[in-house]
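All chains should be built: construct the whole structure from the sequences, respecting the hints.
Numbering (the UniProt record's numbering), first residue to last: 1 to 412.
What the hints contain is simulated information worked out from the structure, not anything from laboratory work.
Careful: at least some of the hints might be erroneous.
Said to hold, decoys possible - Keeping only pairs whose Cα atoms sit at most 30 Å apart, straight-line, the calculated BS3-like set for lysine-lysine is:
| hint | residue 1 | residue 2 |
| --- | --- | --- |
| 1 | LYS315 | LYS223 |
| 2 | LYS57 | LYS36 |
| 3 | LYS242 | LYS392 |
| 4 | LYS352 | LYS57 |
| 5 | LYS81 | LYS57 |
To be verified - Quick list of the computed label-pair ranges, beta carbon to beta carbon:
| hint | residue 1 | residue 2 | range |
| --- | --- | --- | --- |
| 6 | ARG317 | THR365 | 38 to 44 Å |
| 7 | THR356 | GLN83 | 38 to 44 Å |
| 8 | HIS397 | GLN83 | 39 to 45 Å |
| 9 | ASN90 | SER154 | 23 to 29 Å |
| 10 | THR365 | TYR289 | 28 to 34 Å |
Here the structure is a predicted model, which is why all the values come from computation and not from measurement.
Idealized CB from N, CA, C, for every residue including glycine.
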Amino acid sequence: MDKNLKDTFSLNLFQWNSQSLRPKLNEFSCLLHQEKIHIAIISETWLEPESSLTISKYNIYRTDRPDGYGGVAVITHKSIKVQPCQFYVNNTGIELIHIKLLNCHYIENIISVYCPSSINTTQSDWDDIFTKFPKKSIIAGDFNGHHIQWSYKSNIRGTQLLDSCIENGYIDINNGAATRIKLVNNLIQETSPDITFVSSDIAIQFNWQVTSESLGSDHMIIKYSICNRGKCSSVRKRNFIKADWLRYQYLIENQLNSSDFSSSHNVQFLYDNFVNCLNTAADSCIPQYKICKDPTSKFKPKPYWSPVISEAVAKRRLALKVFRRNPTPLNYSRWQKTIVIAKKLIREAKFKSWQTFCDSIDEATTASDMWRRMRWYKGIKQNSFSVSSDKKEELLHLLAPDYVSSLPPKLV
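Written as structure tokens, this is what we have:
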């Protein structure tokens, strides 16, 4: 393999109007792992504010509408460090969420946007958003704005968006492909309300395409990636919870006592020597753990996934490709039929998997084992629990104070 290709690391992103995320969550979570997606920008989640939503190995940041419709979210892989940020615009009809990425070289800001077509907007509304993030930013979602720059027609909102993005140094990276396909009065409508705006400093590095998946929504899933030359190595961090602080203190005292700081008047030399003492002791007493900056290298299917489901999903994608090449009502009907079949197979397989899981539980199953199984089934990783040596010593002293004899008791 070419070494340059081997050392290329891609940051992969999804963009999608889900039109209700929860019913499509099983298939969507599998697709995230399959495509090695780092970040997913979602609009129209249709989630209620009090409801919970989890995806294994991913974090979900969302803004929900009180009525349970609309809503936006950003889903990030656990390898991506994220800081959620508060951001509001004067036009409350524009729904958005802003997160800041802390360990991605090329991208700093992700803004997921949804603006219903019924909302009245002005160019100043969009200027409020674009001017806030001048560099290394992606502003994406369902804007319900059309312009011949990315769609087959133009409307007022599309003109507002284009003028605002140009004036504020943004570029839309859509390639002209339709992002929404629906059947209206037996006629096929192909539109592009889903737009990806990227700041001009990084826009040229993106590869943008519409996939052959919709998972039942009439919006296609969009995938784009940015390539980063260089190996995707893991980041090492110190695990302070498992540190041996008594030994750490002992080593530092020994090194400081053995070092002759009075032999030099160079402040920088003395400072570097002191830092080296700290780092040497830390390497010996504070273990490290790795944080992978890439999603799982292998697709791990759900327990209920089978070759039959894989075949149904493949037929669904093929039917969509046929329909996009020849958009007729007949091909649209065939595509919708494959969607229904795939959903039915996945639902039945998930139900059988749940039955098998329940059958494995009997009177011998302990409560702790039951909780462990439920966390595993829900895809919730159990946090490892560790106790420091200081806490252990403190507990032993409480159980057996110093005045208690250390000799084992004599059994009569």
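So, going through the hints one by one against the coordinates:
Of the supplied pair hints, the one linking LYS315 and LYS223 holds, its CA atoms being roughly 20 Å apart against a limit of 30 Å. Taking the CA atoms of LYS57 and LYS36, the gap is near 11 Å; set against the 30 Å cutoff, the hint holds. Proposed proximity of LYS242 and LYS392 is supported: the alpha carbons are some 12 Å apart, at most 30 Å. Between LYS352 and LYS57 the CA atoms are separated by roughly 24 Å; this keeps the pair inside 30 Å, and the hint holds.
The suggested pairing of LYS81 with LYS57 holds, with an alpha-carbon distance near 13 Å, which does not exceed 30 Å. The hinted window of 38 to 44 Å between ARG317 and THR365 holds, with their beta carbons roughly 40 Å apart. Here the CB-CB span from THR356 to GLN83 is close to 41 Å, well matched to the stated 38 to 44 Å. Separated by about 41 Å at the C-beta atoms, HIS397 and GLN83 satisfy the suggested range of 39 to 45 Å.
Checked against the hint of 23 to 29 Å, the pair ASN90 and SER154 passes, with Cβ atoms roughly 25 Å apart. In this structure the hint that THR365 and TYR289 lie 28 to 34 Å apart at CB holds, the actual value being about 32 Å.
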